[in-house]
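Q: Can you make the complete structure from the sequences, with help from the hints?
Under this note's numbering, residue 165 is the last one in the sequence shown; the count climbs by one each step, no gaps.
Everything labelled a hint here was simulated from the structure, so no lab data went into it.
Only a predicted model underlies this, so the values are computations on that prediction, with no experimental measurement involved.
Don't take each hint at face value.
As the list claims (entries may be wrong) - The calculated lysine-lysine pairs, modelled on DSSO-like cross-linking and capped at a C-alpha distance of 30 Å, are:
1. Lys70 x Lys122
2. Lys70 x Lys27
3. Lys134 x Lys70
4. Lys122 x Lys27
5. Lys134 x Lys27
Stated by the list, open to error - Just the calculated beta-carbon pair ranges, DEER-fashion:
6. His88 x Thr10: 23 to 29 Å
7. Tyr91 x Gly135: 32 to 38 Å
8. Tyr136 x Arg99: 27 to 33 Å
9. Asp56 x Thr85: 37 to 43 Å
10. Thr10 x Gly50: 33 to 39 Å
11. Ala117 x Arg145: 21 to 27 Å
12. Ala60 x Gly159: 39 to 45 Å
13. Ser94 x Pro11: 22 to 28 Å
14. Arg99 x Pro158: 18 to 24 Å
15. Gly37 x Thr10: 37 to 43 Å
16. His88 x Ala62: 21 to 27 Å
17. Arg161 x Lys122: 16 to 22 Å
Where is the CB? At the ideal position from N, CA and C, for every residue including glycine.
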Amino acid sequence: MTPDDLVLTPRGIRYCGRIFPCTIGKDGLTSDKREGDGATPRGIHRITGLLYRADRLAAPAPWAMAIGKDDLWSDAPDDPAYNTLVHAPYGPSYEALRRADPLYDVILLTDWNWPASRPGKGSAIFLHQYRRKGYPTEGCIAFRRDHLLWIAARAAPGTRVIVP
Numbered sequence: 002m003t004p005d006d007l008v009l010t011p012r013g014i015r016y017c018g019r020i021f022p023c024t025i026g027k028d029g030l031t032s033d034k035r036e037g038d039g040a041t042p043r044g045i046h047r048i049t050g051l052l053y054r055a056d057r058l059a060a061p062a063p064w065a066m067a068i069g070k071d072d073l074w075s076d077a078p079d080d081p082a083y084n085t086l087v088h089a090p091y092g093p094s095y096e097a098l099r100r101a102d103p104l105y106d107v108i109l110l111t112d113w114n115w116p117a118s119r120p121g122k123g124s125a126i127f128l129h130q131y132r133r134k135g136y137p138t139e140g141c142i143a144f145r146r147d148h149l150l151w152i153a154a155r156a157a158p159g160t161r162v163i164v165p
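A: Below, the structure is given as structure tokens:
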């Protein structure tokens, strides 16, 4: 591990010499991730993308991509587009990336079950904003907004996210 890794610890994510309180999946950590299980997958993941709401904030990093009004994330295990960015109209199951609340104003994408997605092994393991301190996610890792923006400004593609 290096200071440039995002490492989950009992106190939060350790990154660049700082600790950032965070929340994880409502059902804790798992070594056997399944779609909809509410758990955060253990392992070494990598940051693969950075999305943001351009109508709400400036790009947090030069490589960030704006979330469009039709952008969705497929969580349909039987669809060939499973665990990828898709666009409306889209018939199978999905999660909207452009939300009314601020949870997905900034999203760091990870390589969990990507690029060769295995059906049912889980989708959309993001780093995003939390609802409130201590409120769990469906499997993602979530932060206070200012902490997420600080991380997003520094984490580059390939940055490791270590979930022991």
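Q: Indicate, hint by hint, whether the structure satisfies it.
A: These are the hints, each one checked on the structure:
1. Lys70 x Lys122: Within the cut-off at roughly 27 Å; holds.
2. Lys70 x Lys27: Measuring from Cα to Cα gives roughly 28 Å; hence the hint holds.
3. Lys134 x Lys70: This hinted pair holds, its Cα atoms lying about 28 Å apart.
4. Lys122 x Lys27: Roughly 17 Å separates the two Cα atoms, so the pair holds.
5. Lys134 x Lys27: Holds - the C-alpha atoms of Lys27 and Lys134 are around 13 Å apart, at most 30 Å.
6. His88 x Thr10: 23 to 29 Å: Since the Cβ atoms of His88 and Thr10 sit about 37 Å apart, the hinted range of 23 to 29 Å is violated.
7. Tyr91 x Gly135: 32 to 38 Å: holds (33 Å)
8. Tyr136 x Arg99: 27 to 33 Å: violated (21 Å)
9. Asp56 x Thr85: 37 to 43 Å: violated (23 Å)
10. Thr10 x Gly50: 33 to 39 Å: violated (25 Å)
11. Ala117 x Arg145: 21 to 27 Å: violated (33 Å)
12. Ala60 x Gly159: 39 to 45 Å: violated (19 Å)
13. Ser94 x Pro11: 22 to 28 Å: violated (34 Å)
14. Arg99 x Pro158: 18 to 24 Å: holds (22 Å)
15. Gly37 x Thr10: 37 to 43 Å: violated (27 Å)
16. His88 x Ala62: 21 to 27 Å: Because 23 Å falls inside the window, the suggested range holds.
17. Arg161 x Lys122: 16 to 22 Å: holds (20 Å)
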